[in-house]
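Residues per chain, in single letters:
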Amino acid sequence: MEKGLFNRLQGELEAREQSEGLKMSDLLELSEPLSGLLNWMMRRGQVTFADVTAFLGEDEARTRTILAALRDKGFVREIEIRGLTQYRVRLAPKRGRALPSNLWQALAEKIENEEER
Amino acid sequence: MPKIVSVHSFRGGTGKSNTTANVATLLAVRGQRVGVVDADIASPGIHILFGLEEDKMGHSLNDYLWGKCDIQQTAHDVTANLGNDVKGRVFLVPSSIKAGEIARVLREGYDVGLLNDGFRDLIQTLELDVLMIDTHPGLNEETLLSIAISDVLLIILRPDQQDYQGTGVTVEVARKLSVPCMMLVVNKVPAAFPTDEVRARVEQAYHAEVAAVLPHSDEMMALASAGVFVTRYPDHPITAALKQVAERLSRSG
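So the sequences go chain by chain: A and B. Taking the working numbering, the leading residue of the first sequence gets 1, the next gets one more, and so forth. Taking the working numbering, the leading residue of the second sequence gets 1, the next gets one more, and so forth.
Chain A on its own, in the form it takes in the complex:
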């Protein structure tokens, strides 16, 4: 990756606010190779540092910088599996829909009735 592209990716991530996880709209907005990396990680479940380095075709220092930026923004988290650090995409939870409280009240009564049955 050219230094200019690397700097652009870093800048793109720095400009984003910290999030509670990756939304699919983020995936559509992010530029390549960030969106490709996150999509590939989602498909794989978890990946090692070496996997990411190979995917990006980057040296270790730059890979570390990109992963750290993704982690800081809440898009990626590190986990330990059998002593090996792995990286996973952290997907944002789907939020409930805001509806008028009386409608939720009616639905809550419905849920209670079903649970009692």
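Now the stretches of chain A that chain B is said to cover, found in silico as 3 or more residues with beta-carbon under 8 Å:
| no. | stretch |
| --- | --- |
| 1 | 22–32 |
| 2 | 39–46 |
| 3 | 89–97 |
A few chain B positions that, by computed beta-carbon distances, are all more than 10 Å from chain A:
| no. | residue |
| --- | --- |
| 4 | N84 |
| 5 | E197 |
| 6 | L223 |
Keep in mind the hints are simulated off the structure, nothing from the lab. All figures in this text were calculated on a predicted structure; none of them were measured in a lab. Virtual Cβ for every residue (Gly too), placed ideally from N, Cα, C.
Chain B: place on chain A using the hints.
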């Protein structure tokens, strides 16, 4: 190599669940182990096609998303409901049809990461060849997730101006998400429309392969989701066209 096939349509009523159930069955007839997830949490229904009755549903996808059970506990082996020609297996993960549970998932949301993990766990634990995801129409978080992680995206549309425009949106999103293989199925085509012309026009409009053009069928309408069409009408032209879709999916990737 197991593959994930998402079945999507931009608008409702295109025959998405019907196509999913029929193609899943045809893949199982070919000896494959197929998982089907009803990811249309807001308006589930594919369990009806597979003859899974509500009182026998047991655990659903909703239970898994609420942490009440493992994903494999939600998978129901429905192969026995598909006749004697099925050499493989079909496992269905239904979404809850209880109004209160649908309301709860809409009100509280859920962990999207868990849904993604569940898809992969299903493939592994059930040793699936194919996982088919029946998505909610339009674009929302779980639909986009399904598209993003798909090896194959099957888009269903009718020869209808609203469907044409909406399909353009889905195709654009799928390209942005780098889905490796995208195919279109044009469904409910009136007899007056020449099949080859419909195929050519749709392929030209979206620069994507049309896997099948399915004619409107009174037999399909009369069956009214009371079963899987290809098991009831094995010699029907629609069954022949759906076999081509199954064959094409088997060859993909």
